[in-house]
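These protein sequence lines are chains A and B, in that order.
At position 104 of the first sequence (counting the first as 1) the number is 104 in my numbering, and the numbers step up by one without a gap.
At position 106 of the second sequence (counting the first as 1) the number is 106 in my numbering, and the numbers step up by one without a gap.
Source of the hints: derived by calculation from the structure; they are not laboratory data.
Mixed in with the good hints there might be a few duds.
Claimed, not checked - Not the full set, but computed from the structure, chain B residues with beta-carbon under 10 Å of chain A: (1) 6; (2) 43; (3) 65; (4) 67; (5) 78; (6) 118; (7) 126; (8) 138; (9) 142; (10) 145; (11) 164; (12) 170; (13) 206.
Claimed, not checked - Which residues of chain B face chain A? A few of them, derived with a C-beta cut under 10 Å, are: (14) 40; (15) 68; (16) 70; (17) 71; (18) 90; (19) 119; (20) 123; (21) 139; (22) 143; (23) 146; (24) 148; (25) 150; (26) 151; (27) 171.
Just so it is clear, CB atoms sit at the ideal spot from N, CA and C, and this is done for glycine as well.
There are 2 protein chains.
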Amino acid sequence: MDIAILKRVQERNDTDASDIRRLLDSRGIRMVNVMGGAGSGKTSLLERLMLQFGRELRCGVLEGDITTDYDALRIAALGVPVAQLQTEGSCHLDAALVHRGLGVLPLSDLDIIFVENVGNLVCPAQFDIGEHIRIAVLSVMEGDDKPAKYPLMFSRATIAVLSKCDLIDHTDFDISAASRFIRTVNASAPIIETGIGLPGDAELAHWLAGRPNEDEDEIRERFATTA
Amino acid sequence: MDIAILKRVQERNDTDASDIRRLLDSRGIRMVNVMGGAGSGKTSLLERLMLQFGRELRCGVLEGDITTDYDALRIAALGVPVAQLQTEGSCHLDAALVHRGLGVLPLSDLDIIFVENVGNLVCPAQFDIGEHIRIAVLSVMEGDDKPAKYPLMFSRATIAVLSKCDLIDHTDFDISAASRFIRTVNASAPIIETGIGLPGDAELAHWLAGRPNEDEDEIRERFATTA
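Given the sequences, and given the hints that come with them, work out the whole structure.
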């Protein structure tokens, strides 16, 4: 996208995102933006997190996809309130669409809302959708060089999740190398290794439950310094 | 991206793409646009294709990345002429950048040029870069529902490649299901299963070597009917 055009689109989006954050803060709800490439295991991670939280935290989910409602059906099967957001061609979620989705969720009954972004390691990171926490998901099947090749998402992440780590023996993925690449662009985000049967899911749930929300100023600064 | 803005950007891009195709046609070179998500195995596929072709076809490569030259170094190690295209933040290649890259390659010595697009299952499919053949790569690690969830790339593909099929036993990927999803949006593209040690690489090389170039009219029609 042309830089000047992108700036204009983003300014409008930032206003919508601030509105969302004000709404959520007034209700004591935190929102988590889950980003990563297509097939990086975002929906599976959410399914396992819902089970981890049980009744500890009341969860809602917004499922972002270009088309289809497959992911929303997977979440609904767990009895979790979910709304499907269809971008109709667009490669990322924007704050306006998320705002509409929030109108469908039973906000009074929720402590935390997970928004699964469109599967794309690039564009979603450019758009604030009013979240308090950003998770960047990287599957070990994608290769350990990806944080260097797609730095923006990892630079803006509050937390980095390596997924499908139960399959790592079938790859040449080097966790130290990936972690070094992440550290090059992000000094502070915890890096958690998740996968079926691994302790990372519980660790991530624990971290999310205890994490204080970033406020608007902190979030603006994060977006400014990595633009 | 806003639909009206996207249309304007694409019109300019289409003119550049037609210029490229005219240049390549006048020199008898065919160009292949290799698209797929980050970590879907595009570079590995190209490495193996270069070995398949040997001296049968003289290959050149343009490597598209947002940043870094890791992939270009991998191709250069094979002794193949390669140029790195850095999009500097943009999520896809456009025809203008590809045109600049072609200026660096020794066109008189080449029969076929592979352009590896930015790792992204969404945006690259929206932009004609002057190619004659479009390959959509989907790794079996990404899930068999991806052609349904990200239909544009598969609808515009001249050929669909399932990659990392040597690892399929570690996944729940169903090749029949994926193929059905591809067929829903694309009636004609061959679907080839590739992976280390599998016959698909040779099959793909054979197909590419024998494929007549699509002409400008066919390509315009393909873009029009799937917009």
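Hints, verified against the model:
1. 6: Since chain A brings a Cβ to about 9 Å from residue 6 of chain B, closer than 10 Å, the hint holds.
2. 43: holds, 9 Å
3. 65: Where the cut-off is 10 Å and the nearest Cβ of chain A is about 6 Å from residue 65 of chain B, the hint holds.
4. 67: Since chain A brings a Cβ to about 6 Å from residue 67 of chain B, closer than 10 Å, the hint holds.
5. 78: At 18 Å from the nearest chain A Cβ, residue 78 of chain B fails the 10 Å test, so the hint is violated.
6. 118: Hint on residue 118 of chain B: holds, closest Cβ of chain A at ~7 Å, below 10 Å.
7. 126: Since chain A brings a Cβ to about 8 Å from residue 126 of chain B, closer than 10 Å, the hint holds.
8. 138: holds, 8 Å
9. 142: holds, 3 Å
10. 145: holds, 6 Å
11. 164: holds, 7 Å
12. 170: OK, holds: residue 170 of chain B within 10 Å of chain A, min 6 Å.
13. 206: violated, 28 Å
14. 40: Result: holds, 8 Å to nearest chain A Cβ.
15. 68: holds, 5 Å
16. 70: Cβ of residue 70 of chain B sits 6 Å from chain A, so the hint holds.
17. 71: Since the shortest Cβ distance to chain A is 8 Å, the answer is holds.
18. 90: holds, 7 Å
19. 119: Since the shortest Cβ distance to chain A is 6 Å, the answer is holds.
20. 123: At 5 Å from the nearest chain A Cβ, residue 123 of chain B passes the 10 Å test, so the hint holds.
21. 139: holds, 7 Å
22. 143: Since chain A brings a Cβ to about 5 Å from residue 143 of chain B, closer than 10 Å, the hint holds.
23. 146: Holds, because the Cβ-Cβ distance from residue 146 of chain B to chain A comes to roughly 6 Å (cut-off 10 Å).
24. 148: holds, 5 Å
25. 150: holds, 6 Å
26. 151: holds, 6 Å
27. 171: holds, 8 Å
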